[in-house]
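A.B. asks: Now for the letters of each chain:
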Amino acid sequence: MGFAAPPRPSLFPPAVWTGVLAGTAILALLPILNLTFADGSALHISSFTIALLGKFMCFAIAALALDLVWGYTGILSLGHGLFFALGGYAHGMYLMRAIGRDGVYQSDLPDFMVFLDWKAYPWYWSFTEHFWYCMLLVVLVPGILAFVFGFFAFRSRIKGVYFSIITQALTFAAMLLFFRNNTGFGGNNGFTDFKRILGFTITAPQTKAVLYLVTLATLLGALLLARSITQSKLGRVLTGIRDSESRLMFVGYDPLWFKLFVWTLSAVLCGIAGALYVPQVGIINPSEMSPANSIEMVIWVATGGRGTLIGPIVGAGVVNGMKTWFTSVLPQYWLFVLGAIFVLVTLFLPQGIAGLVRKLWARRTAPRAVADPAAGGVS
Amino acid sequence: MSAAEPIVDNPDENPAGSAGYGHVVPANVDLSHGGILYLDDITVSFDGFRALNKLTLDIGVGELRCVIGPNGAGKTTMMDVITGKTRPDSGTAFFGQTMDLTRMSEPDIAHAGIGRKFQRPTVFENHTVFENLELAMKMDKGVRATLMAKLKGEQVDAIGATLALIRLEEQAWRPAGLLSHGQKQWLEIGMLLMQEPRLLLLDEPVAGMTDAETERTGELLNELRGKHSLMVVEHDMDFVAGIAEGGIVTVLHEGSVLAQGTMDEVQADERVIEVYLGR
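Protein sequences, first through last, are from chains P and X. Read left to right, the first sequence gives residues 1 to 379 (our numbering). Read left to right, the second sequence gives residues 1 to 279 (our numbering).
Quick caveat, the hints were computed from the structure, so don't treat them as lab data. Errors might be hidden in some of the hints.
Below 30 Å or equal to it, Euclidean Cα-Cα: the simulated DSS-like pairs (lysine-lysine) are [said to hold, decoys possible]:
| id | chain 1 | residue 1 | chain 2 | residue 2 |
| --- | --- | --- | --- | --- |
| 1 | X | Lys227 | P | Lys233 |
| 2 | X | Lys54 | X | Lys85 |
| 3 | X | Lys150 | X | Lys138 |
| 4 | P | Lys323 | P | Lys119 |
| 5 | X | Lys85 | P | Lys233 |
| 6 | P | Lys359 | P | Lys195 |
| 7 | X | Lys150 | P | Lys233 |
| 8 | P | Lys55 | P | Lys233 |
| 9 | P | Lys359 | P | Lys323 |
| 10 | P | Lys233 | X | Lys152 |
| 11 | P | Lys119 | P | Lys195 |
| 12 | P | Lys159 | X | Lys85 |
| 13 | P | Lys159 | P | Lys233 |
| 14 | P | Lys233 | X | Lys138 |
| 15 | X | Lys85 | X | Lys152 |
| 16 | P | Lys233 | P | Lys119 |
| 17 | P | Lys159 | X | Lys138 |
| 18 | X | Lys54 | X | Lys150 |
| 19 | X | Lys227 | X | Lys152 |
| 20 | X | Lys227 | X | Lys138 |
| 21 | X | Lys138 | X | Lys152 |
These numbers were taken from a predicted model, which means no experiment stands behind them.
Just need the whole structure built from these sequences, with the hints factored in.
C.D. replies: If you want it as structure tokens, here you go:
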């Protein structure tokens with residue numbers, strides 16, 4: 001048989017590679033400009049901008065994680081904020097321990113424990129003074145929770161809106177639990193007043209720059225990982241689950257393990273995003289688990305374009321950029337704007353920003369009516 | 001619910017070992033008595049309605065069996081029982097001599113070698129024709145193997161051969177959603193063939209096809225005769241008469257077998273005439 005082998009593209013087409021690398025380079029340059037040029041210089045980038053972009057990149061990682069399960073596998077999670085917050089809390093435990101005796105009460109215990117008249121750390125705070133142990137928790141806690149929850153949900157073939165509602169309930173229940181003082185995670189104040197990370201002052205511009213760069217590297221790594229997964233045969237199985245799960249079962253795949261794989265991976269990525277978020281914003285509290293936060297994540301992905309990888313990253317940036325602007329100018333209208341974005345995107349941009357760009361690009365490169373379907377590959 | 005059940009029904013029939021997450025490919029269907037499928041006394045009821053009523057049916061190895069029956073005769077429910085989608089209230093369904101289909105999950109039944117073509121063509125519309133065949137190809141379908149999968153030369157050749165058989169070489173790189181109705185049906189048959197099934201179930205393979213497509217499908221099925229055991233479910237008598245070629249035809253009615261024999265015998269049967277032409 002002289003059948004030609006399939007033309008498997010490299011990870012990205014050349015144009016997208018250029019864009020990804022250029023974007024990474026520009027983002028990497030900003031903290032360097034922040035450190036080298038003094039305030040007032042034309043080339044100075046404010047620390048506020050760095051902090052903001054660092055935060056947005058954490059959101060972008062979370063959006064990417066959510067897109068893997070929603071955009072590619074068709075599982076809509078309304079509870080990804082939980083995994084994000086758990087990663088944040090796991091890292092926050094280390095940051096609390098690293099405060100040492102520099103807290104308000106100058107105790108070995110965190111301020112909130114002194115306040116509650118606790119004499120010692122509860123057992124689940126064991127070893128959290130070790131950074132690497134907490135990093136392990138960042139991965140394991142969201143991962144194991146997602147695995148166990150996912151196993152039972154997917155095995156019971158809970159799908160669609162039922163699954164979404166259960167994830168929403170899960171994050172809500174966790175929020176109520178974390179609000180309680182006797183849970184041992186600081187109640188509604190959560191963790192804050194961090195002083196240092198690995199011995200470095202957490203508020204120093206250099207520390208902030210390093211955290212920013214680590215976040216950028218993680219985002220790039222997450223993008224490449226997600227891309228290699230979605231380009232693999234496993235990626236095609238995932239989209240097969242999204243498009244026709246029963247067909248996939250008759251072809252001989254057991255969707256349970258594929259869903260569980262991508263669901264757990266997504267939760268872990270989201271946890272890592274939360275762990276990077278906490279030292280940069282300096283606080284983690286149960287409001288991160290509120291259902292509204294998880295729904296906002298869905299809107300980032302929808303706005304950027306689900307089922308694409310660059311899209312959610314852009315979407316997280318655009319929506320949060322608008323949020324930052326609106327909440328400083330017209331704070332009382334932000335929720336209306338957010339709702340309007342969701343409605344408008346759903347009605348007019350079902351493929352999100354990425355879909356719009358692709359359509360415009362296709363129109364430019366192929367002015368004839370029939371667009372080559374092969375050119376519409378997932379970006 | 002069914003996924004929780006034990007996956008390995010015949011551990012001793014699995015010399016290859018469990019590859020990946022519980023995806024066990026039983027090496028052999030025990031065909032020692034010349035039969036590949038035995039349905040015995042199967043009853044299925046939905047809210048009191050008996051979709052299958054003590055249905056008993058055997059299929060031999062390499063046979064092309066046509067099953068006909070009017071709407072509501074239980075044809076699709078029978079397929080559902082064989083593929084594990086529906087559990088019978090009573091009765092047994094055996095694949096070969098040893099595999100109890102009523103206790104296996106859907107993916108395991110597919111792995112054991114029963115391929116099903118649905119009434120409505122369901123292909124992966126966003127995947128290319130080639131990718132559809134690639135997904136269906138018989139191989140380790142566990143998560144890790146799938147993540148690491150790279151197509152080998154002979155696998156590409158196998159896909160190419162199937163593309164030639166179903167006459168979709170020209171369309172290989174187009175998304176399957178852009179195919180015509182008939183082409184989708186052939187693609188689905190091609191996907192089944194990629195699984196190297198021992199028994200192929202075809203549910204109304206020519207429904208909605210043009211005359212030329214119907215003719216081509218008949219040719220395709222006859223090319224498969226002898227290489228695979230086939231069960232073709234149709235209510236188009238003319239198509240069945242065209243492909244039966246002296247093989248056994250089973251007529252279903254109200255959930256059980258009404259008549260069985262060659263096409264000529266069946267067409268001469270008084271009860272069949274009444275069911276098909278009466279009322």
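A.B. asks: Run through the hints listed earlier and report the numbers of any the structure violates, in increasing order.
C.D. replies: Of the numbered hints, 4, 6, 8, 15, 16 and 18 do not hold.
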